[in-house]
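Q: Numbering-wise, our numbering puts 154 at position 154 of the sequence shown, and it's gapless, one number per residue.
No lab work stands behind these hints: they were computed from the structure. There may be inaccurate statements among the hints.
To be verified - Capping the alpha-carbon separation at 27 Å, the derived lysine-lysine pairs in DSS-like fashion look like this:
| hint | residue 1 | residue 2 |
| --- | --- | --- |
| 1 | K37 | K157 |
| 2 | K72 | K62 |
| 3 | K92 | K157 |
| 4 | K62 | K95 |
Fair warning: this is a prediction, and the values are worked out from it, not measured in the lab.
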Amino acid sequence: EIFMDRLQNFIKTKISHKLKLPISLLDADIAFLIQCKRLLWLDPFEHLKIPKEAINDYQMEKSMEFMRKMDKEKFCDNILSMFSKAIDVIVKMYKFTLANEGATLDDFLPIICYIIIQVKPKKMNQNMGYNLTNMHAFIAYINGIDHIKVGMENQEKEFNERCDKSLMEDKE
Numbered sequence: 001e002i003f004m005d006r007l008q009n010f011i012k013t014k015i016s017h018k019l020k021l022p023i024s025l026l027d028a029d030i031a032f033l034i035q036c037k038r039l040l041w042l043d044p045f046e047h048l049k050i051p052k053e054a055i056n057d058y059q060m061e062k063s064m065e066f067m068r069k070m071d072k073e074k075f076c077d078n079i080l081s082m083f084s085k086a087i088d089v090i091v092k093m094y095k096f097t098l099a100n101e102g103a104t105l106d107d108f109l110p111i112i113c114y115i116i117i118q119v120k121p122k123k124m125n126q127n128m129g130y131n132l133t134n135m136h137a138f139i140a141y142i143n144g145i146d147h148i149k150v151g152m153e154n155q156e157k158e159f160n161e162r163c164d165k166s167l168m169e170d171k172e
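Kindly produce the complete structure, drawing on both the sequences and the hints.
A: Take a look at the structure:
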């Protein structure tokens, strides 16, 4: 196991160098985790504009379960597999609940971001080296959530107070 950890770190270092990513993404992961904790109070329907009819609680929990497993995986193929399964559950849920209407990533993005915020993956940026394209979109979206994006244009102070309160209440 020690050998595999060292091999994984070596590969991550090489990938980080090739992709021009910082060797240590710990600071970015800590900042992302804090942002997720700050946004736990967001209502998926009111603030992220997720259609209520698109949500199935069982499927949402199943997707969250795969996201939690992703954060515990050590190997690229397992991380990608868990992430893909989480996304697949959401795509199928969305199609089933909305009677097979055509949908794009823009339709799924708020749902997936809501799930990521709720799960609060601790290694999202580290895993990004393996799953760069999809995860970068979700991280950028969540990091960009502000009072305007959630429909609170004239309530910046309330938005920040609720974010701060959510951060203080979350003990993980």
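Q: Each hint: holds or not?
A: Now for the hints, and whether the structure bears them out:
no. : hint         : in the structure
1   : K37 <-> K157 : 18 Å, holds
2   : K72 <-> K62  : 16 Å, holds
3   : K92 <-> K157 : 38 Å, violated
4   : K62 <-> K95  : 16 Å, holds
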